[in-house]
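One line per chain: the protein sequences are A and B, in this order. Taking the numbering used here, I'd label the letters of the first sequence as residues 1 to 224. Taking the numbering used here, I'd label the letters of the second sequence as residues 1 to 254.
Don't read these hints as lab results, they were simulated from the structure. A few of these clues could be false.
If the Cβ cut is set under 10 Å, some of the chain B residues that face chain A in the computed set are [as the list claims (entries may be wrong)]: (1) I229; (2) I237; (3) L251.
Straight-line C-alpha distance at most 30 Å; calculated DSS-like pairs for lysine-lysine [to be verified]: (4) B:K249 - A:K186; (5) A:K64 - B:K249; (6) B:K232 - A:K87; (7) A:K64 - B:K212; (8) A:K87 - B:K249; (9) A:K171 - B:K249; (10) A:K139 - A:K186.
Okay, the calculated bits of chain A under chain B, using three or more residues with CB under 8 Å as the criterion [what the hints assert, rightly or not]: (11) 38-52; (12) 66-76; (13) 162-170.
Predicted, not measured: the structure shown is a model, and the values here were computed from it. Heads up, the beta-carbon is just placed ideally off N, CA and C, and yes, glycines get one too.
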Amino acid sequence: MKILVVEDEMAIAHSITEYLSGEGYSCDLASDYMHADEKAQLNNYDCILLDINLPGGSGMDILKQLKTSKPNAAVIIISAKNSLGDKITGLEIGADDYITKPFHLSELNARIKSVIRRRNFGGSNKIIFGDIVADLNAKTVMVKGAELSLTRKEYDLLIFFLSNQNRTVTKEAITEHLWGDQPDSKSLDLIYSHIKNLRKKIMEAGAGDYIEAIYGMGYKFREA
Amino acid sequence: MKLLTRTTLYFAVISLPVFAVGGIILYHTVRTVARNDAHEKLRNEKNMILNYVKKHNYLPHNSMEFGDSVGFTQVSFAQVTETLKDTVLYNFSEKEMEQNLMLVFRVDAGNATYRAVIFKPLIETDDLTNAIFQAMAIAGAILLILLLALSVIVTNKLWGPFYESLQKLKSFDLNKGGRMELSKTGISEFNELNTALKGMTGKIASDYTNLKEFTENASHEIQTPLAIIQSKLELLIQSENLSAEQMDKVLALY
Chain A
1 MKILVVEDEM AIAHSITEYL SGEGYSCDLA SDYMHADEKA QLNNYDCILL DINLPGGSGM
61 DILKQLKTSK PNAAVIIISA KNSLGDKITG LEIGADDYIT KPFHLSELNA RIKSVIRRRN
121 FGGSNKIIFG DIVADLNAKT VMVKGAELSL TRKEYDLLIF FLSNQNRTVT KEAITEHLWG
181 DQPDSKSLDL IYSHIKNLRK KIMEAGAGDY IEAIYGMGYK FREA
Chain B
1 MKLLTRTTLY FAVISLPVFA VGGIILYHTV RTVARNDAHE KLRNEKNMIL NYVKKHNYLP
61 HNSMEFGDSV GFTQVSFAQV TETLKDTVLY NFSEKEMEQN LMLVFRVDAG NATYRAVIFK
121 PLIETDDLTN AIFQAMAIAG AILLILLLAL SVIVTNKLWG PFYESLQKLK SFDLNKGGRM
181 ELSKTGISEF NELNTALKGM TGKIASDYTN LKEFTENASH EIQTPLAIIQ SKLELLIQSE
241 NLSAEQMDKV LALY
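Sequences are here, hints too, so could you generate the full structure?
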């Protein structure tokens with residue numbers, strides 16, 4: 001899987017590539033408009049992470065050109081401009097998703113996976129992890145052949161974990177992923193109970209305990 | 001309450017005392033005029049009688065030819081001084097008391113002296129009051145109807161541009177471009193109002209845009225370093241070989 005990271009802040013760009021490389025993606029980096037445009041036109045990427053404010057031009061223009069020449073490329077806009085106008089224009093031109101800085105790398109990773117999965121809609125869309133098989137089209141989860149009955153939040157939480165396997169996912173990132181806002185003490189409690197229920201359901205179905213609590217930090221989804 | 005309802009009401013309230021005062025003045029004027037008129041007629045009759053007596057040297061037989069009611073009584077000399085005064089007489093046909101003006105004067109016919117009395121009925125107070133009240137009421141009603149009609153016309157024609165501007169001001173939305181299109185009117189006050197509105201909304205829109213851009217830029221400036229810090233910390237969290245103490249510090253930052 002090839003990903004193009006268009007970001008003029010090198011520190012952020014490197015963080016992203018480091019995180020994504022760990023996920024098995026090969027990442028290309030472009031830090032200004034010209035390079036980004038050139039790379040986007042020359043290569044075929046599975047996903048392009050596009051910053052709007054670039055030296056030498058606007059990411060919107062790259063997006064416009066990309067949508068005419070390569071309509072199949074998935075694009076996620078990364079922007080610090082927390083303005084509704086930008087978001088709407090971006091999505092109207094053809095971006096698949098929009099994420100504002102600052103963001104959690106685990107959230108970005110989950111969104112990239114979700115966008116790529118949506119692009120490969122034709123094939124089977126399943127995540128297999130140990131005894132768990134998650135069918136993203138049917139939105140069902142099977143453990144050892146038996147269907148697991150999950151609430152929506154539990155399902156979202158599991159997919160978020162499956163997208164960030166063997167990674168420490170912070171409670172804050174989980175909160176923002178599930179509820180889309182800044183965490184408070186109430187939402188952290190909610191996460192705790194959601195995780196407890198999810199773990200219980202998976203273990204009752206006969207699978208191992210995949211969710212490891214990292215003290216004070218968050219959780220890690222890994223092979224038991 | 002609408003502006004025009006209020007102005008109409010004010011007009012009505014103001015016109016009420018005007019009509020009342022007008023009515024009173026009219027009442028007195030008419031009365032004075034009628035009285036002067038009656039007085040004049042009485043004097044004419046008196047002169048006619050005196051002329052007749054001077055010519056014929058006897059009292060007229062048919063007093064009716066000189067006026068409504070003329071009476072003569074023979075008196076001794078010096079008893080009669082000419083007087084004009086109000087009096088009340090009973091009217092047999094109408095069966096009520098009537099206001100009359102009475103002129104008393106001396107007539108010398110033959111060798112006798114007479115006291116002549118002529119009456120002239122005045123306009124009755126009741127009748128006059130009624131007539132004036134009716135006239136004023138009708139005039140007032142007509143004025144009120146005209147006022148209402150005028151207010152409808154004024155609302156639709158004169159104040160039309162004002163209501164149009166008001167409507168546009170109500171639907172003014174900064175997020176929809178924030179521009180107000182106001183048409184030119186034939187009234188300079190409304191033109192001024194529209195110019196002021198245009199200037200104001202234009203200023204608001206440009207201020208809003210500037211502020212929006214500023215907050216977006218500020219947000220960019222603040223969020224970029226935050227994003228760097230957050231992403232680096234997240235990578236740090238993933239590393240396995242941090243001590244518990246180091247991890248605590250990383251977490252405190254995160």
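### Message
Name the hints, by number, that the structure is in violation of.
### Response
Hints 5, 8, 11, 12 are the ones this structure does not satisfy, whereas the remaining hints hold.
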